[in-house]
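**Student:** Fit chain B to the known structure of chain A by using the hints.
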Amino acid sequence: MRINCPYCGERGSEEFAYHGDATVTRPRDGGAGPNAAWIDYVYLRENPSGLHRELWYHASGCQSWLVVTRDLRTHAIARVELARSVALARMEPS
Amino acid sequence: MLQKTDHFDAAQRSPQPFRLPTGGVIDRGEARLFVFDGKTYRGYAGDTLASALLANGIRLVGRSFKYHRPRGILTAGSEEPNALVELRDGARREPNTKATVAELYDGLQATSQHRFPSLKFDLLEVNSLLSPIFAAGFYYKTFMWPASFWEKIYEPLIRRAAGLGRAAGLPDPDIYEKSTAFCDVLVIGGGEAGIAAALQAARSGSRVILCDEDFVLGGRAIGESASLAERIAELQAYPELKILRRTTVFGVYDGGTYGAVERVADHLLKPAPHQPRQRYWKIIAKTSVLATGATERPLVFGNNDRPGAMLSGAVSRYIHRFGVAPGKKAVVFANNDEVAGTLAALRDANIAVAAYVDPRAEISAALRQAATACGATVYTGAAIKTTLGRLAVTGVEIIPADGGVVKLDCDLLAMSGGWNPALQLTSHLDGKPVWDEKIAAFIPGSLPPGMQVTGAAAGDFTNPATQPLWQVRGATGKAFVDFQNDVTANDVKLAKQEGFTSVEHLKRYTTLGMATDQGRTANVNGLGLMAEITAKSIEQTGTTRFRPPYTPVALGALAGAHRGQHFKPRRLTPTHQWATAKNAVFVDAGMWLRAQYFPKPGETDWLQIVTREVTAVRNNVGICDVTTLGKIDIQGRDAAKFLERVYTNGWDNLKLGRARYGLMLREDGFVMDDGTTTRLGDTHYLMTTTTANAGKIFQHLEFCHQWLWPELDVRFISVTDQWAQIAIAGPNSRDTLRSIVDPQFDISNETLPYMGAQELTICDGLRARLFRLSFSGELAYELAVPAGFGNALAQKLMQAGEPFGITPYGTEALGVMRIEKGHPAGNELNGQTTAHDLGMAKLLSQKKDFIGRAMAARPALTDPNRPTLIGLRPVNRADRLRAGSHLLPPGAEAVAKNDQGFVTSVAYSPSLLHWVGLGLLAHGPSRLGEIIRVYDPVRNGDLLAEIVHPVFYDPEGVRLRG
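Protein sequences appear in the order of chains A and B. If you're matching positions, the first sequence starts at 1 in our numbering and goes up one per residue. If you're matching positions, the second sequence starts at 1 in our numbering and goes up one per residue.
One chain only, chain A, in its complex shape (with noise of 0.2 Å):
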């Protein structure tokens, strides 16, 4: 697989390190406890059939975590943002 990183270029996917699902959100509440938020967040995952949103991180070259758009049954790879700048967006008012 090859994974284009917005700082480096497409790449092989083996100088990157996969962490999981990025369509989680951790809750803002303050680590209040281990409530229903705190369990979806830490252990439920879905695995969609089709586009998924995951994180990576370019632990060969940039050091960058990246949110990667990538179709789960052919690893065809629509989109690579920043999780930096995806992050940022989110926090944004809406």
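Keep in mind that the hints are not guaranteed to be accurate.
Pair by pair, the computed Cβ-Cβ distance ranges are [as the list claims (entries may be wrong)]:
(1) Leu656(B) - Gln63(A): 22 to 30 Å
(2) Leu656(B) - Gly20(A): 33 to 41 Å
(3) Asp21(A) - Pro601(B): 56 to 64 Å
(4) Trp606(B) - Gln63(A): 24 to 32 Å
(5) Met91(A) - Leu912(B): 49 to 57 Å
(6) Phe567(B) - Gly20(A): 23 to 31 Å
(7) Gln744(B) - Asp21(A): 28 to 36 Å
(8) Gly826(B) - Thr69(A): 34 to 42 Å
(9) Ala76(A) - Ser926(B): 54 to 62 Å
(10) Asp21(A) - Glu711(B): 15 to 23 Å
(11) Asp21(A) - Gln452(B): 30 to 38 Å
(12) Thr534(B) - Thr69(A): 39 to 47 Å
Simulated from the structure, these hints should not be mistaken for lab results. Note that CB positions come from ideal geometry on N, CA and C, so glycine has one too.
**Tutor:** Okay, now just chain B, sitting in the frame of chain A:
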């Protein structure tokens, strides 16, 4: 090696009786001597081992896998299921090498395999008589009981009887390489279609790589096309076109990535110095053209595996490419018009053709003409019942259209059951081949992105007319479907009878297609046969898909240079040279090589050495390289805020020039790592991690920042390699340091107290950082200097400490002292322990959010029944504790339900003069003083120990604050 006299004799003895006087792309001026089963023969440059054997009249080449049937040469390519030999000897011996692709070189040595004691007289041929036992599923039926017999009796017996050649059993003496290449167009296959595709791409200016598994370009056109040389010359003129001969593209992967193996030196006696034997290519191609041609199918009739029965395309190839007559009198049996080429080749080579046999009632005039031109009697609507002979074909029995049997003498049977496009690579990314009635074969279905298929691989045949014949009715004797795994037509029928009709079941039950050839000559025949006997269509019966590799790949090629010590990098500490001079014994610690202990002359017992080192630190002073701890430089206005969130304890009040111990959890509430972080400036911190987790924690910090809290103004960089860090520990450590720290810096207890840090200079101006940290429990420091000065610093410290008897100590002494002090380390920070388990619940701040806070609050994670950190002291002080022992109530039976915990770390304490241990025990902290059973079934240990506080040495911490 061959001797000179052997050369001469061999040349005399080896007249190559089956070599044609002319023709072929071999060099008759370049003799190549080789040895097969101990006898020397002669061939020519340009031969394969198979063509040279045939030229010398050798037709019996091996024995079959299960029944030890005599086998010869079936094909002329990489699909060969029969002619498998052990090539070379000694450490380079390689079993299951296909004689049909092994390029002949001077001095080649090959040995037939699967035979005992000799090829012509094989005692295990008796297996053939036992075939009712060895039929499909025999593993599952015959060797079931008693179960205990499997490992000791059945399996070794079957392995000896079946075997697949012998591996060398010695380290591979050759080197391998990996290489990566990029191109616009990758052309796979160098036959007519591949050359045309490569030329077309090159003419348009594309960067092209052409891979061909053969050592000569041209595929089936070699020796048959006059214009081939011109086209190859044109190819070679393009600077942006790279031709990789002897290179098999074995797999297709995501993102236009292709795996290929180039056999760089397999055609040489041995590689030249520094020349790799094979090179693994990773090719990243924008587009690819598959031009792998087609593979012929055998026909399924009686004794179709006898040496002398050969695929018709192979017959043409041996004649036209190698100038070899595969026989003197042939019978040709085919169900398609492509065989006309073989008839023409036999005629060209003046090989008599006794008969042409075709199951079709009507054949084309052209085909009939081709057959009669060779003098063959034509039998239509007919089939071959069986071959005759023992070790080679001596004749055939034909079932003509009007019944009865015609018996004919011949020594060659050319057969063709039709052609399968070599579409394996099209299905590596889940593409599903589709059945094409017109050519009675599978053609590529959906293709990997960017791939096109051309020529015969796409099912584009010159003479497509064919009529499938999956088995000959009325055949006698074993009729083989899968030659390499000895699967017969009867096995397929048996599988059907027993209900294994799905293709995947058929494959697993009979092992059809599961040999190293991946059933390239067998799969479609097996499928067709199953469709026929279940009265279904091929589509209804299914298809098989293929996985990489297309042909077997040596593990050495995939490993490349990454083997032995080069499997992963070995990192040396900055003081490695000094430690080596000090006679250190080294140990692998993560990727680092660290000094384990430093034996003095005459010391042989490690425990004695470690005890001496610990005693020296406790009484005087010692030094130890601690560079390997991860060091992460953290800077930014929000650095403190960030530390608050990744550590469980508080950081907002850490003063400048002070260090603090910190604990990190994973988000699921379990302990991830620990270490100290020092505040070097207003917005500047230096974090240390455990050696093992240095990379992981850096990644974690980047994750937290980039993904969770991008709004924080903070940045990280790993400085593990930039700073050499040496621990100076013991009551005389301050006095030792005093003489190397430049005089203007005050390092007294008042200015630099426990957990203090200072940036200063040493040795007259060298920039350094001094941390007053103690892992040993003594007055201790860690001194960091730019990495290049580490070795010199160790030497300087040894001089400075000489008056105090300064002693180098290694990781063992470090470990003993941390156990005496009850510090959790790797054995306790095992990914399954919580802060509560390690007695560090008080470090979980209640005032802030941090990674793992919410989940650490789960009731089960703080259940006092969870094994919790305690110390252990043997009741009988002479007893030795062992890590891994189980903790049980005294007198309780040693069964899992009575298990209350286990011993994590042990050490002989030179301070207490007995063994001490750390362990995790249910309700541990409330059981101090209790006696517990320490049970070690692995090493027959069974003793009693007292449960004590985990800090054995200086529990008040007086010494480290001294």
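**Student:** The structure should be examined with respect to each hint, and the outcome stated for every one.
**Tutor:** How the hints compare with the structure:
1. Between Leu656(B) and Gln63(A) the beta carbon distance is about 28 Å. The supplied range of 22 to 30 Å therefore holds.
2. In this structure, Leu656(B) and Gly20(A) meet the distance hint of 33 to 41 Å, their C-beta atoms being roughly 39 Å apart.
3. Asp21(A) and Pro601(B) have their C-beta atoms about 59 Å apart, which keeps the hinted 56 to 64 Å range intact.
4. Checked against the given bound of 24 to 32 Å, the beta carbons of Trp606(B) and Gln63(A), roughly 40 Å apart, lie outside it.
5. In this structure, Met91(A) and Leu912(B) meet the distance hint of 49 to 57 Å, their C-beta atoms being roughly 56 Å apart.
6. Judged by the Cβ atoms, the range 23 to 31 Å given for Phe567(B) and Gly20(A) holds: they are separated by roughly 27 Å.
7. Take Gln744(B) and Asp21(A): their Cβ atoms lie about 56 Å apart, and the range 28 to 36 Å is violated.
8. Between Gly826(B) and Thr69(A) the Cβ separation comes to about 38 Å, which falls inside the hinted range of 34 to 42 Å.
9. At roughly 58 Å, the beta carbons of Ala76(A) and Ser926(B) sit within the given window of 54 to 62 Å.
10. Judged by the Cβ atoms, the range 15 to 23 Å given for Asp21(A) and Glu711(B) holds: they are separated by roughly 22 Å.
11. The hinted window of 30 to 38 Å between Asp21(A) and Gln452(B) holds, with their beta carbons roughly 36 Å apart.
12. Take Thr534(B) and Thr69(A): their Cβ atoms lie about 45 Å apart, and the range 39 to 47 Å holds.
Violation of the numbered hints given earlier is confined to hints 4, 7; the remaining hints are satisfied by the structure.
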